[in-house]
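Chains as they are written, first to last, in our numbering: chain A, 922 to 1114; chain B, 922 to 1114.
If you are wondering where the hints come from, they were derived from the structure by calculation, not from laboratory data.
The reader is advised that the hints may include incorrect statements.
Since the list can't tell identical chains apart, any single copy or any two copies may satisfy a pair.
Calculated lysine-lysine pairs in the BS3-like style (CA-CA distance at most 27 Å, straight line) [said to hold, decoys possible]:
id, residue 1, residue 2
1, K1004, K1034
2, K980, K1057
3, K944, K1006
4, K980, K1041
5, K944, K1004
6, K1057, K944
7, K1006, K1041
8, K1004, K1041
2 protein chains.
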Amino acid sequence: MMNTPGIGSTLAIALIHYPVYDKNRQLVATAITNLDLHDIARSSRTFGLDRYYVVTPIKPQQELAERIAHHWREGWGAEYNPKRKSALEIMTVSDNLDDALSDMTQRLGRPPKIVVTGAKGHPGSIRCEAFRELIKDGAGPFLLLFGTGWGMTEEIFARADHVLEPIRGPGEYNHLSVRSAAAIILDRLCGER
Amino acid sequence: MMNTPGIGSTLAIALIHYPVYDKNRQLVATAITNLDLHDIARSSRTFGLDRYYVVTPIKPQQELAERIAHHWREGWGAEYNPKRKSALEIMTVSDNLDDALSDMTQRLGRPPKIVVTGAKGHPGSIRCEAFRELIKDGAGPFLLLFGTGWGMTEEIFARADHVLEPIRGPGEYNHLSVRSAAAIILDRLCGER
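The shape of chain A in the complex, shown without the other chains (with noise of 0.2 Å):
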């Protein structure tokens, strides 16, 4: 099953889990969460995307990812549930940005800017609205990053070509695990309006 190409086709995702702080501001490598691989595969094929990266340089961590992706790839798993390896083969398992940002400028053609994504508000942030129409105005490629852990080192904020927009509900609380920030993201800009 092939999805038509839509917006998605210019943009990729990168869960990052290297450099971004811990609890303390200290810097830290986040540990692969198993259904981080799963879901937001799933949202990234599910809206069409080209790529998900997943980002460490934990070589153990790089294996784990890629047994659990063997799995549903090739693996019993395969069989079992043919729709979760289509959506795990958009995975790729990268040391750092730098090479994803690298494979994907190799696949496209033309290096992507970088779309940094945030639990806190920052200057000069742009909405996702305001996003989708860069996509759809063929402003791309764009790498979408989300941090784990307690979010992304300021190094990486400033290597950004935008910022988006925290997302909000009524209230103060805003604290959506990565999982669900991911969709509801890919959802604004790529979801059927």
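With chain A held as given, fit chain B onto it using these hints.
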């Protein structure tokens, strides 16, 4: 930290572990998934919902859900992560759909209408935008049901006052996790516009 009352204050969500179908359309009770509790509680809290019901008739599964909630509400987790505490405080474990409906009736003084979600199309289903208007216009309260496994049974659909249209991307693939689907639908219904 309190949410200001938004349109979500007459809306609650229920995650149905029974009665649902398995892969071969057999009636089953599915297992509790730790991250379903966390993610859907955090999304519900972010979008100002009144309550999140986890529906399972299996006693050891109810105990598991309560044990996880207790850890974050009152145990070691409450101090470690107060935002998780605040999210899981809106979670209630219920034996069955009728218990969840009764609890909501008692809390809000009026019986809620049942709104069902699913990945398949259904005749007479309504769009999220239309349902958002119904909520705004005070047509509620509403209990919004999400299925696990391979979806809720026909009996549940037959009881629905409304069925929501499935979430669609640009192609045919729409196999989101229940965590992602719930996040997207709550954003469409209660998110800042």
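Going down the list of hints, with the structure as the test:
1. K1004 / K1034: Classified as neither: same-chain Cα gap 30 Å, cross-chain 33 Å, threshold 27 Å.
2. K980 / K1057: neither (37 Å within a copy, 50 Å between copies)
3. K944 / K1006: between (34 Å within a copy, 16 Å between copies)
4. K980 / K1041: neither (30 Å within a copy, 40 Å between copies)
5. K944 / K1004: The answer is between: 13 Å across copies meets 27 Å, while 36 Å in one copy does not.
6. K1057 / K944: For K1057 and K944, neither the intra-copy (37 Å) nor the inter-copy (38 Å) Cα distance is at most 27 Å.
7. K1006 / K1041: between (34 Å within a copy, 20 Å between copies)
8. K1004 / K1041: Between. Shortest inter-copy distance 15 Å satisfies the 27 Å Cα cut-off; intra-copy 34 Å does not.
In this structure, the earlier hints numbered 1, 2, 4 and 6 are contradicted, and the remaining ones agree with it.
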